[in-house]
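Next come the chains, spelled out residue by residue.
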Amino acid sequence: MYSLILKDYLMLKRMLLLIVVIIAFFHILQNPPTLAISMAGIFFISSIGSFEDRSNSHIMLNSLPLNRKNIISSKYVGALIFGVFAVIMSVIFQAVFYFVFHIYDHPFPEVKHLFIGMLCILLFTSIYFPILYKFGEKYTRIVTMFLVIAVIAFGQIMMYVLKDQVYEIQQFLSQFTVNQLIFAGGLIIAIIYLVSWFCTIKIYEAKDF
Amino acid sequence: MKIIISNTSKEPIYEQIIKQIKELVLKGELQEGDSLPSIRQLAKDLQISVITTKRAYEELEKDGFIVSVVGKGSFIASQNKELLKERRLKIIEEKLIEIIEESKIIDLSKDELIEMVLILYGDDVI
Amino acid sequence: MTNVVEFKRVTKSFKNFSLKDVSFSIKKGYVTGFIGANGAGKSTTIKLLMNLLRKESGEITIFGLDQDKHNQAIKERIGFVYDENCFYETLSIRELRKIIAPMYQNWNDDIFYKYIDQFQLPEKQVIKSFSKGMKMKMAISFAISHDPEFIIMDEPTSGLDPVFRREILELLHDIMLDEQKTIFFSTHITTDLDRIADYITYIHGGRILFSKERDELLSEYGIVKGSTDLLDSDIEKEFVSIRKTNVGFEALTSDVKKSKEIFGHEVLIEKPTLDDIMYYTNKGELTCTH
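Protein chains in written order, with full-length UniProt numbering: chain A, 1 to 209; chain B, 1 to 126; chain C, 1 to 290.
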């Protein structure tokens, strides 16, 4: 497991450098860290998947003394580790830019911004991996695009259907604090992440190479 | 130990090995107690399969030419030289009978046959 | 004699090809050559053996262990070499070693570098730039550096020059000095097997036609050559298949003794090659189905 995660980072070490630059760039523009973290996450996680698929490495990985379950788990654990890495980078850059260039009001980003960024990474991972391992790298982009359109369409439809209830929903939500809402969202995404993890293992275990 | 295998010969490879080891023993080039290469080493040296050399060694052991000691390898067994020679004589005798029969078919006389043997043997006629 | 691998009634089907009820075993301590025409099911069988394909029914045991329950423990003891390069093409040997070595408990750098040196492989160059022969040498170095008991090779010699094919065989002979080692070696260049294989497993149209000692096989089968006058429909049935021409016939028999009894000295009987056996068996199947 450890060696599998290490493998992904070894393979993408040049990519990691690029990601550090991206995070720095977002911070120069004084964006909140949420955007930097989630963009870096999407970039990194889709690279993990695509290089694996493109280099036809499933045959090699599955011939080594590795279980399919661990191959998938390493991706999910790797994504979590990356999230932590991106958060740390973000904190460092904001501090550097505050002290050196004086372009932020605070030396440290707000915890809730970091937390939301992390949640974005988890959400993207939970959607991306099952699709990647089910359909392969070639179709993942198309499927992901359809999924995004479907989600937006679903949102629009729901807005239309529920237009009379919008006010009530707002009322309902406003009785909670922002922190409570973020916490609830975090819980839901954590559950989605675990379900996705489990499903991807099942998909991968049934696969022929 | 010198063994030469022909890949084009009709004779199976394991028989070639048997024959050559027997010859080496008869000529005295291999003596009692001399160790033979292991089955796997010989297979590697001759670039043939393990089973082929294994079969040759098994046959040699059955004929009493070699003994195999587990974990130590194979050795030339003690040979009764007289007995070996007798066996070879028997083979020559059988072949001679065959020759005589063939000769009779084409009415070759005894003297003519002997003359042929003398010429082929390479010695001057007495 | 123990078996390293046992296939019991294994079935796997694809859209236009299937393996039906495949049963055979691989003997410990020997080299088994796996032959068959292109598309006969060699790669499919090897992929099933390596658990890369999911079987539909049947049972595969390796080292006496169930393939699915003990996947990881089994793979620790297997070295694999495939026809196509399956390693990350954008990495160098040095980087790949960093990835692969920690995955094996028994990894031995001394063995690895011994072969990298012997094969004169550049350590820092990316694999993409390697020739086919270099890629194969690299794959072999990776396959044997954890001192595996069982080595599986899928067409390791295809597309390689004769000099290099000999080098590989020399290496396999070295490995076989240890009687605990077993090699399973698929190829359609059957002459490679003349120098090393103890057993031959022949797959045809998704079915195992035989799995036998090579010497035994070559002494049971024979090529019979003679005049076509000798043939009639009953006699023709004795052969696996026949090739008739204006000047005579050539046929493969799976029972040399019987052919000798039938024809006596009227025909010429020769030792077959593995190619002969493959050719006539294939031909026999075709005439049966048409």
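Careful, some of the hints might be misleading.
[To be verified] Below, computed lysine-lysine pairings styled on DSBU-like, alpha-carbon distance capped at 35 Å:
{"no.": "1", "chain 1": "C", "residue 1": "K135", "chain 2": "A", "residue 2": "K69"}
{"no.": "2", "chain 1": "A", "residue 1": "K13", "chain 2": "C", "residue 2": "K15"}
{"no.": "3", "chain 1": "B", "residue 1": "K110", "chain 2": "B", "residue 2": "K62"}
{"no.": "4", "chain 1": "A", "residue 1": "K207", "chain 2": "C", "residue 2": "K260"}
{"no.": "5", "chain 1": "B", "residue 1": "K19", "chain 2": "C", "residue 2": "K124"}
{"no.": "6", "chain 1": "B", "residue 1": "K2", "chain 2": "C", "residue 2": "K212"}
{"no.": "7", "chain 1": "C", "residue 1": "K15", "chain 2": "C", "residue 2": "K69"}
{"no.": "8", "chain 1": "B", "residue 1": "K19", "chain 2": "C", "residue 2": "K69"}
{"no.": "9", "chain 1": "C", "residue 1": "K212", "chain 2": "B", "residue 2": "K10"}
{"no.": "10", "chain 1": "C", "residue 1": "K260", "chain 2": "B", "residue 2": "K104"}
{"no.": "11", "chain 1": "A", "residue 1": "K207", "chain 2": "C", "residue 2": "K55"}
{"no.": "12", "chain 1": "C", "residue 1": "K225", "chain 2": "B", "residue 2": "K95"}
{"no.": "13", "chain 1": "A", "residue 1": "K134", "chain 2": "C", "residue 2": "K258"}
{"no.": "14", "chain 1": "C", "residue 1": "K124", "chain 2": "A", "residue 2": "K13"}
{"no.": "15", "chain 1": "A", "residue 1": "K134", "chain 2": "C", "residue 2": "K225"}
{"no.": "16", "chain 1": "A", "residue 1": "K13", "chain 2": "C", "residue 2": "K132"}
{"no.": "17", "chain 1": "C", "residue 1": "K128", "chain 2": "A", "residue 2": "K202"}
{"no.": "18", "chain 1": "C", "residue 1": "K28", "chain 2": "B", "residue 2": "K22"}
{"no.": "19", "chain 1": "C", "residue 1": "K257", "chain 2": "B", "residue 2": "K22"}
{"no.": "20", "chain 1": "C", "residue 1": "K271", "chain 2": "B", "residue 2": "K85"}
{"no.": "21", "chain 1": "C", "residue 1": "K225", "chain 2": "B", "residue 2": "K104"}
{"no.": "22", "chain 1": "A", "residue 1": "K207", "chain 2": "C", "residue 2": "K135"}
Rather than coming from a laboratory, the hints here were simulated on the basis of the structure. The structure presented is a predicted model; accordingly, all values stated were derived computationally and were not measured.
Status of each hint after checking the structure:
1. C:K135 with A:K69: Cα-Cα ~29 Å, so holds.
2. A:K13 with C:K15: violated (41 Å)
3. B:K110 with B:K62: violated (39 Å)
4. A:K207 with C:K260: Violated. K207 (chain A) to K260 (chain C) sits at ~52 Å, over the 35 Å cutoff.
5. B:K19 with C:K124: Not OK: K19 (chain B) and K124 (chain C) at ~52 Å, beyond 35 Å, violated.
6. B:K2 with C:K212: With a Cα-Cα distance of about 31 Å, the restraint between K2 (chain B) and K212 (chain C) holds, given a limit of 35 Å.
7. C:K15 with C:K69: Answer holds: K15 (chain C) to K69 (chain C) is near 28 Å, not above 35 Å.
8. B:K19 with C:K69: violated (50 Å)
9. C:K212 with B:K10: holds (21 Å)
10. C:K260 with B:K104: holds (27 Å)
11. A:K207 with C:K55: Judged against 35 Å, a Cα distance of about 11 Å means the pair holds.
12. C:K225 with B:K95: Since the Cα atoms of K225 (chain C) and K95 (chain B) sit roughly 29 Å apart, the hinted pair holds (cutoff 35 Å).
13. A:K134 with C:K258: Violated: K134 (chain A) and K258 (chain C) sit about 57 Å apart, past 35 Å.
14. C:K124 with A:K13: With Cα atoms ~16 Å apart, K124 (chain C) and K13 (chain A) stay inside 35 Å; holds.
15. A:K134 with C:K225: violated (56 Å)
16. A:K13 with C:K132: holds (28 Å)
17. C:K128 with A:K202: Distance of about 33 Å is within 35 Å: holds.
18. C:K28 with B:K22: OK: K28 (chain C) and K22 (chain B) at ~30 Å, within 35 Å.
19. C:K257 with B:K22: Holds, at about 28 Å.
20. C:K271 with B:K85: holds (33 Å)
21. C:K225 with B:K104: It holds: about 31 Å lies between the C-alpha atoms, which stays within 35 Å.
22. A:K207 with C:K135: Roughly 27 Å separates the two Cα atoms, so the pair holds.
The structure fails hints 2, 3, 4, 5, 8, 13 and 15 (numbered hints given earlier, in ascending order).
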